[in-house]
Structure formats: C-alpha cells, structure tokens
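Chains A, B and C, in that order, are what the protein sequence lines are.
Residue numbering for the first sequence follows our numbering, starting at 2 and increasing by one per position.
Residue numbering for the second sequence follows our numbering, starting at 3 and increasing by one per position.
Residue numbering for the third sequence follows our numbering, starting at 68 and increasing by one per position.
It is possible that part of the hints are untrue.
A few chain C residues that face chain A, going by a derived Cβ cut-off under 8 Å, partial list only [claimed, not checked]:
hint, residue
1, P184
2, H188
3, F288
4, R293
5, P309
Chain C is faced by these chain A residues, among others (derived, beta-carbon under 10 Å) [to be verified]:
hint, residue
6, R82
7, N101
8, Q109
9, H150
10, Q151
11, E177
12, G238
13, N241
FYI, nobody ran anything at the bench for these hints, they're computed from the structure.
From the three backbone atoms N, C-alpha and C, an ideal C-beta is built for every residue, glycine too.
Here are the chains, one letter per residue:
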Amino acid sequence: MSLLEVAGLSVAFGAAPPVVDQVSFSLEAGQSLGLLGASGSGKSLTALAVMGLLPAGAAVTGGRLSFEGEDLLAMDPGARRLLRGGDMGLVFQEPFTALNPLMRVGDQISESLRLHQGLDAAAARRGAAEALERVGLDPGPERARQYPHQFSGGMRQRALLAMALAGRPRLLIADEPTTALDSTVQAQVLALLRRLQGELGFALLIISHDLAVIHALAPRALVMDHGAVAEQGDVAGLLNSPASAAARRLMRAYAALEGAAAERGNP
Amino acid sequence: MGRPRFWQGATLACGACLALLALAALLAPWVAPANPDAIDVLHSFGRPGPGQWLGRDELGRDVLSRLLYGARVSLGVGLSAALGMTLLGALLGALAGYVGGWLDGLIMRSADVLMCIPGVYLILALMVVLGPSLVNVVLVIVATGWTGLARLVRAEVLSLKGRDFVLAARASGATPARVLLRHVLPNAMAPVYVSLTFGVAGAILMESSLSFLGLGVQPPTASWGSILNSGRESMAQAWWLTVFPGLAIFAVMMAVNLLGEAARRHFNPREPW
Amino acid sequence: MLLRYAARRLLMAVPLLLGISVLTFLLIHLAGNPVQQQMVMNPKFSAASAAALRHLYGLDEPLPLQYWHWLSRMARLDFGLSLHDQRPVLDKIAEALPATLLLNGMALSLVLAVGIPFGVHSATHPRTRFTRLFGGFSFVAYSFPVFWLALLVQLSMAVALGWLPISGYTSPGMESSTGLSRVGDVLWHSAAPLLVSVLGDWALLSRYVRNSMFEVLGQDFIRTARAKGLGERAVFWRHALPNALLPVITVLGLSLPGLISGSVIIESIFAWPGLGRLAWDASMGYDGPVVMGLVVIGALMTILGNLAADLAIAALDPRIKVA
C-alpha cells in the first residue's frame with residue numbers, strides 16, 4: 002500500500018473546465034517525487050487538493066485520494082483537519098508573508114506541537130526551540146522568542162519547515178519552497194531539506210517549475226501541463242530525452258539557464 | 003454588490019437625477035409654482051395637498067418653491083466649495099511633492115496644524131470671525147478641507163517624480179511648471195476625482211449643517227438646512243417641514259455618495275463588498 | 068523604551084502647538100476689535116473707557132508682544148472671560164466636558180460593541196444576503212444627514228410616541244436628585260442622542276473592520292495556520308482577529324478628538340449640556356474667547372489622542388521600532 006495514492010484527480014472552479022485534469026501518481030513512504038510544471042499548470046492546486054485546502058470556489062470533481070489506505074475525500078472533516086500539520090505537512094513559497102507578524106516564531110511552532118502532540122505549554126516551548134535548532138536556527142530559545150520580521154527570508158523558510166515538521170509528518174509537500182529566495186540561500190534550504198528527510202524519514206512531494214530544485218531532491222518526477230500529467234519518469238530520463246512537448250519546453254528553459262550560467266563561469 | 007453593471011447603472015441613474023435636479027434648480031424661477039418669499043399668513047402651516055404639494059411653512063410660504071430655490075444654494079455651495087477645495091488641495095499637494103524643500107515643509111506643516119483642530123471647532127471659529135454668509139461658508143469649507151487631498155496628491159507626485167517619463171520630460175528641457183502640469187499631474191488624478199465627488203457630498207452636508215445651526219445663509223434666503231431649522235419649533239404640528247427638506251438633502255447625499263463610490267471602484271483595485 | 072518614544076512624540080508636538088497659537092492669534096485679530104464692538108453697541112462709551120479697555124486687552128501694545136501674551140496665556144490654558152457671562156472660559160469648558168464625555172463614551176462603547184462583530188461577520192460571510200443587506204444599510208446610514216436623523220428621532224420617539232424625552236440632561240425637578248434615580252434619569256435622556264450618534268459611526272466602523280478583516284483573511288499566514296491543522300476557531304481568534312483589529316486601534320485613536328469635541332449638532336438639538344452645545348452657543352453669541360478656548364483645547368486633545376493611538380500601536384505591533 003502506497004503512502005499517498007492519487008487516482009484520476011480532477012479539480013475545477015464551478016462549471017469551468019478543470020484546472021487539474023485526471024492526475025494520477027503514487028508515493029511510497031520515505032520516497033521523493035517531483036511535480037514539475039510551469040505556473041498555471043495545476044501543480045499547486047493538486048497539492049492543495051491533497052491537503053484539503055482548496056480555495057473557495059474550487060472543488061474536487063472526480064478521482065480518488067487516499068493516504069495510508071484511507072479515502073481522504075470520504076473522511077470526516079475533523080479527522081482530515083487533524084491530518085493536516087500532523088501526518089501531512091505543507092510548506093508554501095511565500096516566506097515573507099506566511100508567518101503571523103504579531104506572534105513570536107516559537108509560539109507559532111508551539112501551537113502545532115500542542116495540537117498534534119498534545120504537549121503542555123512548557124514542553125511545547127522546549128519542543129519549538131529544538132525544532133528551530135534542527136533546521137539550523139541557533140540558539141533555539143532565543144530565535145523562538147523573536148518575531149518574523151526579525152528573520153531573513155531564508156531564516157523564515159527554515160522556520161516554516163520547522164513548523165511543518167513539528168507534527169512529525171509522514172508526508173511533506175513543499176510547494177516552490179525556494180522560489181522567493183536568493184540562489185545561495187536556495188542551495189542551503191535544499192540541502193537542509195535533504196538532510197531532514199534523511200533524519201526524519203518523511204515522504205517528500207516537491208513541487209517546482211525549476212528542474213534544478215527537483216533534481217536536487219527527487220529521483221522521479223511528473224510533468225504537468227494545463228492541469229494534466231504530460232509525462233512521468235526518472236528525472237535523468239526527462240532531462241536527456243523529454244517525450245512530451247511540455248517537458249521539452251521546460252528542458253529547453255533549463256538548458257538555456259544552465260548555458261547562460263556556464264557562459265558566465267558559474268558552476 | 004461588486005458587479006460592474008450595477009455600478010454603471012447606478013452611476014447613470016444618480017448622474018441623471020442629479021443633473022435633473024441641477025436643471026430644476028437653475029430654472030427655479032420658471033419651474034417653481036410660487037414665489038418662495040411670498041408670505042401668506044392666512045395659509046400658514048398648510049398641509050401638503052394640491053397647489054401646495056409639500057405644504058406651507060410658518061409664514062405661509064410654499065415649501066416646494068422654497069426647496070427648489072434652496073437647491074440653488076445647497077447645490078451651488080456644494081459644487082463651488084468642493085471644486086475650490088479640490089483645486090486648492092491638488093495644487094498645494096502637487097507643489098509640495100514636486101518642488102519639495104521649504105515649500106513642502108511649509109505646506110505640510112500648515113496642513114498638520116489645520117488637521118489638529120477638530121473640524122467643527124475650526125469651522126465655527128472661522129464663521130464667528132468672518133460672519134455668517136454664503137460666500138463665507140464656501141471659503142471656510144475650502145480653507146479647512148484642502149488638507150486631505152493635498153496629502154494624497156503629494157504622495158502620488160512624490161512617487162511619480164522618479165519615474166522614467168518624468169525624467170525624460172525634464173531631460174528634454176521642459177520647464178518645471180510644464181513637467182508638473184502636462185506630465186505629472188494628469189497621472190495623479192485618481193484621488194482627485196474621488197475626492198471631488200465625495201467633497202461635494204461633504205460640502206452640501208456642511209452647508210446644510212451650518213445653515214441648520216443658524217450660521218450659514220441668513221433669512222430670507224432659503225437653504226435646505228435653514229428650512230429644516232425654522233421647522234424645528236413647529237415640528238409637532240407640521241411634520242412636512244421636517245421631512246421634506248431633510249429628504250431632499252438625504253437623497254442628494256445618497257446620489258453623490260453613490261457616484262463617489264462608483265468613482266472609487268473605477269479608479270482603485272476592486273475590493274468585494 | 069516606550070516612555071522615550073512618548074517623550075519624543077510629545078516633543079514633535081511642540082511646533083504644532085506653536086502653529087496653533089499663531090493661527091488662533093490671527094483669528095482673534097481678524098475677529099475684530101472688542102473695543103470697537105463695545106463702542107458700537109454702547110454709544111455712551113467714553114474715550115477714557117475705550118483707552119482703559121484697550122489697555123486691558125493689551126491692544127495698545129506692539130503685535131509681537133501681544134502674540135507673546137497670547138502664547139503665555141495659552142500655555143496656562145487661560146483663555147480669558149466669556150463675553151457672554153464674564154465667567155472664565157476654562158471653567159465653562161470644564162463644566163461642559165463631563166456631559167460630552169459621558170455621551171460620547173457611551174456612544175463609542177456601543178459602536179465598538181456592535182460594529183466590530185458586524186464588521187467581522189460580514190467579512191467571514193461575504194456573500195450572504197445578510198451581508199449584502201447590511202452593506203446597503205451601511206451605505207444609507209453613512210449618507211444620512213445627522214441633523215435630519217436627530218430631528219426625525221425627536222419627532223418620532225419624543226413627539227409622536229412619547230417614549231423618550233425631547234431634550235435635556237435631566238427631567239424638570241430632577242436637577243438635584245442623586246443616586247440611582249438620577250442615573251436612570253440621565254440615561255433615559257441620553258437614549259435619543261445616543262441613538263443618533265451611534266447610527267452613523269457604527270456604519271463607518273463596521274465597514275472599516277470588515278475591510279481590515281477581509282484583507283487579513285486573504286493573507287498567506289492564514290493559509291499557513293490552516294495548513295497546520297488548526298480549526299477555524301483557532302485560526303480566527305488567534306491569527307485573523309488580532310491582525311485585523313490592529314488598524315482599528317489607529318482609527319479609534321483618531322476618533323478620540325471627536326469624543327472630546329462632542330457633536331455640536333446632536334448636543335444642540337437635544338439640549339445636551341456638553342462641549343458641542345457650548346460651542347454652538349458661543350458661536351451664535353459671537354463669544355470669541357470661548358470659541359478660541361475650544362479650538363485650543365480641541366487641538367490639544369487631538370494631539371494627545373494621536374499620541375495615545377501611536378503608543379498603543381507601538382506597544383501592540385512588534386514590527387514598530389520603538390528605540
């Protein structure tokens with residue numbers, strides 16, 4: 002039984018044509034899978050559908066979603082909510098606005114710990130400090146007392162990771178986790194993700210328009226285009242011999258960037 | 003209520019009604035059924051009915067005619083005060099933003115001082131100093147109302163000053179005045195239109211309030227506010243003296259505010275409502 | 068830390084106060100010569116009396132010196148004597164203040180108590196019929212001329228239905244009563260003016276709250292909170308509401324001067340003996356000293372109100388640098 006099974010998932014806004022069209026994939030425990038596509042290809046909406054966080058007006062119009070064998074769509078909403086932030090974690094791409102500006106960073110992590118692990122206030126505070134240190138934000142207790150505006154973009158992304166991992170998820174979905182960051186910081190965050198996956202053993206669904214990001218984290222990827230899956234396979238295979246038009250477009254863009262970088266003398 | 007067609011329709015309807023009212027006010031001498039100043043004590047407090055559709059006041063004057071002539075005052079003051087206030091505010095704001103330096107400091111500090119004093123008190127103080135009259139009401143509204151728009155326009159001008167097309171205009175040797183008037187100001191107009199429309203509503207309200215309090219127009223000139231005021235004592239016997247003038251003010255305010263709201267939605271990114 | 072911030076802001080207020088002193092001085096002088104006014108009103112006014120009066124008002128001194136006198140008097144809140152009854156202006160203002168504070172304090176509490184829930188509800192339930200109706204009603208309330216509303220309330224509640232007193236602070240014969248009966252009497256008298264002042268402000272505040280809440284609900288950190296698995300209640304109370312109410316505090320601070328200045332219209336229609344009524348009486352009677360005193364006190368209150376709002380925001384919003 003796969004950890005996450007998505008079969009023929011379709012999502013639409015009202016009566017409009019589907020924005021996610023018959024998407025199917027599966028993810029085993031501890032494995033990584035990439036979701037590659039240009040903006041508007043429906044990859045983020047797929048992730049939101051899996052988490053049950055679709056925006057107002059959008060709904061799942063077909064297909065099956067199951068997590069650890071249980072049907073997510075038929076589940077009691079309360080139970081599904083507890084999965085969120087618990088067994089299923091999600092990290093978004095907007096570190097600058099994804100944290101509550103009026104709450105200390107540590108408190109935002111404690112909130113998750115208290116909800117999913119039932120810790121009391123003191124234990125949750127310690128847990129939050131530890132979580133921050135685990136993502137490289139030392140010293141934990143001091144960082145926990147700070148507010149989001151005191152963190153840089155990279156630091157905030159790490160804090161968001163700490164928050165998503167606080168519930169000890171079996172599945173982590175990372176939607177464009179590095180897009181808003183500088184390239185050096187990007188590399189750091191990607192390395193962090195790899196390390197954390199090694200330490201904590203969660204399955205990773207990495208979503209990005211940037212093949213380099215996916216290449217760094219997952220051996221296999223889906224290519225999405227206009228809501229549908231255009232191609233699936235090894236990342237290496239996609240790189241060398243893209244079969245679909247969408248994949249080819251993405252590879253060309255990637256190659257152009259790589260070529261330009263090579264010309265500038267960057268590794 | 004965020005649908006654009008609703009607002010287009012509303013704008014048209016309000017605009018048409020207001021235009022009609024303005025026309026009626028302008029043509030008051032020909033449209034009014036009676037002389038607004040004609041005293042007819044025999045018919046004082048006449049109830050609304052044929053020949054005196056909105057009733058008569060304490061001196062037997064026809065309310066409908068007085069309202070029509072009063073429209074001239076209210077609309078006239080409203081429009082001229084709003085125009086004056088908007089022009090002054092836009093000009094001072096643009097100068098402050100564009101020229102900067104001591105002029106900016108002077109204009110903005112003056113605005114700060116004016117905005118410190120509760121509007122009501124300032125207006126009353128000015129009316130006491132200048133004496134009650136229609137012209138003074140307009141002057142007072144302009145003198146106290148320019149500050150808000152000045153701040154908005156200054157902010158817009160400041161942000162536009164550094165833009166490429168402005169730099170290009172300056173590089174081509176245009177005089178500062180020309181750059182300001184032809185290039186900068188036209189792009190800063192959004193808050194001006196909105197402020198103008200809401201300004202008219204505010205000015206009409208202010209004039210009616212002042213006239214109501216006895217500090218605006220002086221008898222025998224009729225203003226909607228002053229008619230309301232004179233109807234106060236006889237409120238119990240002659241409800242029409244309280245209802246109709248107020249209704250007129252309310253209707254005009256609603257219409258103008260709707261227009262202002264439509265303007266705001268047109269010029270700003272839409273918020274749902 | 069906060070004290071230093073407050074001190075610095077107070078210091079910044081000094082040029083404002085100077086500006087106000089200049090403005091009021093100009094106004095006083097534009098208002099005309101009180102000596103001349105006396106001479107016009109009283110033909111038997113002798114030249115000697117005129118000279119004495121001129122000296123009393125300091126009108127025979129050079130202008131800068133006159134300004135200096137005004138400035139020092141203003142600093143002491145000495146606005147002279149009311150032209151109407153020769154009583155010190157400050158006394159009259161101090162007498163009228165409690166009535167206004169009472170009325171406006173109650174109005175503000177009501178507006179907050181009703182406006183915030185309404186605003187929040189219409190933001191969290193955006194497309195319901197209730198919200199649409201409320202939106203329309205708000206718009207009407209906001210366009211409604213206050214004095215007309217006051218008159219209509221008087222007409223319907225007091226005159227036609229007799230439920231509420233027409234005007235005044237207390238019923239005839241109750242002026243010297245104390246305790247519960249007096250409180251009840253005053254409250255009964257305040258119902259009508261309260262109703263009028265609350266209606267307009269409530270529409271504005273709930274609209275403001277609605278917009279703020281709406282903006283906050285669209286922010287990313289709300290999505291993060293939901294992604295953490297928090298229930299709607301926790302998302303609302305712990306994340307959305309605090310962020311949405313913060314700008315409302317600014318608005319409150321800005322409305323403090325209105326709290327002090329009192330509504331001239333409402334107080335004069337309902338004969339409520341507060342600052343607004345004092346202002347109107349003084350304006351009608353051309354009582355310059357009282358009007359100027361009110362202007363200065365009003366400005367002081369505005370400055371203090373803004374400071375209070377700034378301090379509150381600085382204390383509550385960790386993003387504001389207080390150092």
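Each hint tested on the structure:
1. Hint status for P184/C relative to chain A: violated, with the closest Cβ pair at about 21 Å, above 8 Å.
2. A least Cβ separation of about 17 Å between H188/C and chain A goes past the 8 Å threshold, and the interface hint is therefore violated.
3. For F288/C, the suggested interface contact is upheld, since its CB lies about 5 Å from the closest CB of chain A, less than 8 Å.
4. Of the supplied interface hints, the one on R293/C holds, with its beta-carbon coming within about 6 Å of a beta-carbon of chain A, less than 8 Å.
5. A cut of 8 Å between beta carbons decides the hint on P309/C: the least distance to chain A is about 5 Å, and the hint holds.
6. Interface hint at R82/A: satisfied, since its Cβ lies 5 Å from the closest Cβ of chain C, which is below the 10 Å cut-off.
7. Annotation: N101/A was flagged as interfacial toward chain C, and the flag holds, the nearest CB pair being 5 Å apart, inside 10 Å.
8. At its closest, the beta carbon of Q109/A sits 8 Å from a beta carbon of chain C; the interface hint therefore holds under the 10 Å criterion.
9. At a threshold of 10 Å, the smallest CB-CB gap from H150/A to chain C is about 5 Å, leaving the interface hint in force.
10. Against a cut-off of 10 Å between C-beta atoms, the interface hint on Q151/A holds, since the closest Cβ of chain C lies about 8 Å away.
11. Look at E177/A: its Cβ only gets to about 12 Å from chain C, farther than 10 Å, so that hint breaks.
12. Taking 10 Å as the C-beta contact cut-off toward chain C, the hint placing G238/A at the interface is violated, the least distance being around 32 Å.
13. Interface restraint check: N241/A against chain C, minimum CB-CB distance 36 Å, threshold 10 Å, status violated.
Of the numbered hints listed earlier, those contradicted by the structure are 1, 2, 11, 12, 13.
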